[in-house]
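So the chains spell out like this:
There are 2 protein chains.
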Amino acid sequence: MKDLNFYNLARNNIQSLHAYIAKEIPCKIKLDANESPYCPIPLKSIFSKEDLFSTLNRYPDPEAKELKKAIAKDLRITPESILLGNGSDEIINCLITTFGGPVLHPIPTFVMYAIASQALGQSHMAIPLDSAFDLDIESILKSIKKIKPKLIFLSSPNNPTGNCFSSEKIFKIIDTSKNIVIIDEAYQPFSSQKGFLPLLKDYHNIAILRTFSKIGLAAIRTGFLIGHEDLIKEVNKTRLPYNINAISQAIAIEGIKNKKIINSHIKVIIKERKRLYGELSNLKGVQPFPSEANFILFKVSDAELVYKKLIEYGVLLRNLNTIVKDALRVTIGTPEENNIFIQSLKLTLDSINS
Amino acid sequence: MKDLNFYNLARNNIQSLHAYIAKEIPCKIKLDANESPYCPIPLKSIFSKEDLFSTLNRYPDPEAKELKKAIAKDLRITPESILLGNGSDEIINCLITTFGGPVLHPIPTFVMYAIASQALGQSHMAIPLDSAFDLDIESILKSIKKIKPKLIFLSSPNNPTGNCFSSEKIFKIIDTSKNIVIIDEAYQPFSSQKGFLPLLKDYHNIAILRTFSKIGLAAIRTGFLIGHEDLIKEVNKTRLPYNINAISQAIAIEGIKNKKIINSHIKVIIKERKRLYGELSNLKGVQPFPSEANFILFKVSDAELVYKKLIEYGVLLRNLNTIVKDALRVTIGTPEENNIFIQSLKLTLDSINS
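Taken in order, these protein sequences are the chains called A and B.
Counting from 1, one number per residue, gives the positions in the first sequence under the numbering used here.
Counting from 1, one number per residue, gives the positions in the second sequence under the numbering used here.
Just so you know, nobody snuck in bad clues.
The list cannot tell twin chains apart, which means a pair is met if one copy fits it or any two copies do.
Straight-line alpha carbon distances no greater than 25 angstroms define the calculated PhoX-like cross-link-like pairs of lysine-lysine that follow:
#, residue 1, residue 2
1, K259, K49
2, K194, K257
3, K23, K65
4, K257, K49
In case anyone wonders, no lab produced these hints; they're calculated from the structure.
Nothing here was measured: the structure is a model prediction, and the numbers come from that model.
Pulled out of the complex, with its shape left as it was, chain A reads as follows (with noise of 0.2 angstroms):
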């Protein structure tokens, strides 16, 4: 019989790292994630896949040559410069594997930036938005010039403040960098800011990161990255060769094809955050910052008594008082749960005040 410590055994940065905790409350109207409240693929386009399914015993195709045809088809780019990954989380982590470290980024912004950087034992800083929740350009910029990050991740519309980055801000950045700068576009498709898809042709030290995560496919975990093909090429190696199942593939592939029926689920999100966002600021208290993408971050004061207010009226939001003070946001539902969730707001706001 041997103990091992295996907290010691493990590396110095593991140590130190705190495992993702996604926590899981039971509610009715869960407006946690980010995750659209439409499925957009009808249950009859599954299941006349019975090729697929009287077939799991096979692997999946390592490739995933048909999906990466259609994504290619759509955004009219070459299959040779995408990369799936198992979510956006993979291909950060696969990034940071191929180029390592220095690794910069805004913060708050998304969370996986940071602990990819800290599990894979390279050095990462974090700059803080400035009092608009926009780049601190100029810290930013003396950063570049002194620690030559050779990732530089900007979610734009960011999470989760909800707005997009100057498109100037971005540029000066891109230009000042010698290495890789990564654009997040998880959130892109709820935006009025067009994307920087069309500018891969000119500037080849960015790569833009998608997701089926938000557009209503959540479930199948796959996300991509888009790039030039030898920067594709290079963090291909670290990828794992079956990383994306079978069953993914074929839907993200349904995806595609059912991408008028995401259009118009984007559309009603867009009409429903606009709506949603007049209602909050009508109410007394509390202060919703402007959002292009499909939540809202608003803050109001008591944010802890306020969440917890709301999951006993069955309405479960992100309190991310810790990240940002007083602040919860809130995704985009249904009319209907945007609906619950203001009156149930309205009454908790009212029974503090009372």
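Please arrange chain B on chain A, whose structure you already have, making use of the hints.
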């Protein structure tokens, strides 16, 4: 316009790394990838999952609680001693990310131990098997003392050789190592060797890799590690939070429910392996090696030519000539597939010898 040399920008260990290429060669009879020839899950139990397929917009359970509960019940272990991966590949990556190198493994063996070590920038040592494809215990023990490997990977039954390593030798390694020994039991269900699961109680420095891939569910990419709860806790820090997608979780649970069907398939495969071994032994110029897995390694003069001729007959094997001289590996198929393979091999040998 900036032109980056991405190859030069990649870390040194990545520059010399080759992407794992899983060639796809069209064939009628696919005996190259150690898949089961049988799918164990009836279509109707997939198509009854309307709830799952109508909520593809929702993220999977990040903890895969139901699946872990099902595995735990099946194997009489605790859910806390299980770590799930997007295939064993991902778990190997997580282990090396968590504990770092040096990594030690025999050679030839499953290639991902070496690939993952290199991709993650960790040193690894490959110690050749002896002439009977068993562990060269003296060299291994010497290396353990010298380089103090953080992780030792032992695949038993071993891929591509098919044999189990001597239990006595494995125990010597476990007793000598001050760190962690991973027993990869991907092929254990086909083996007469009992497996190391019952020893977990007494040996805290071992952990066991299992997978759904070889027993009929390669499409869903689900493997798991079983080990001391403290070990799992550390490795879990490097696991991507939503790494097992919702559909894989549901289908893996179905797999456990259909264990009787899986076991009946395993029986057929073991019986066919025995028959095929006899048939191959009777062929002049063919030297099969005894197997405890769902494949047989065999030597044949001019393996390259035999491999190519078999493809002309529509039968695809794995060409291992560059790894084990003159060797091909055939996965056990259905009785009909195996018959066609043997017929085609006979015709091939006749045509070469005439």
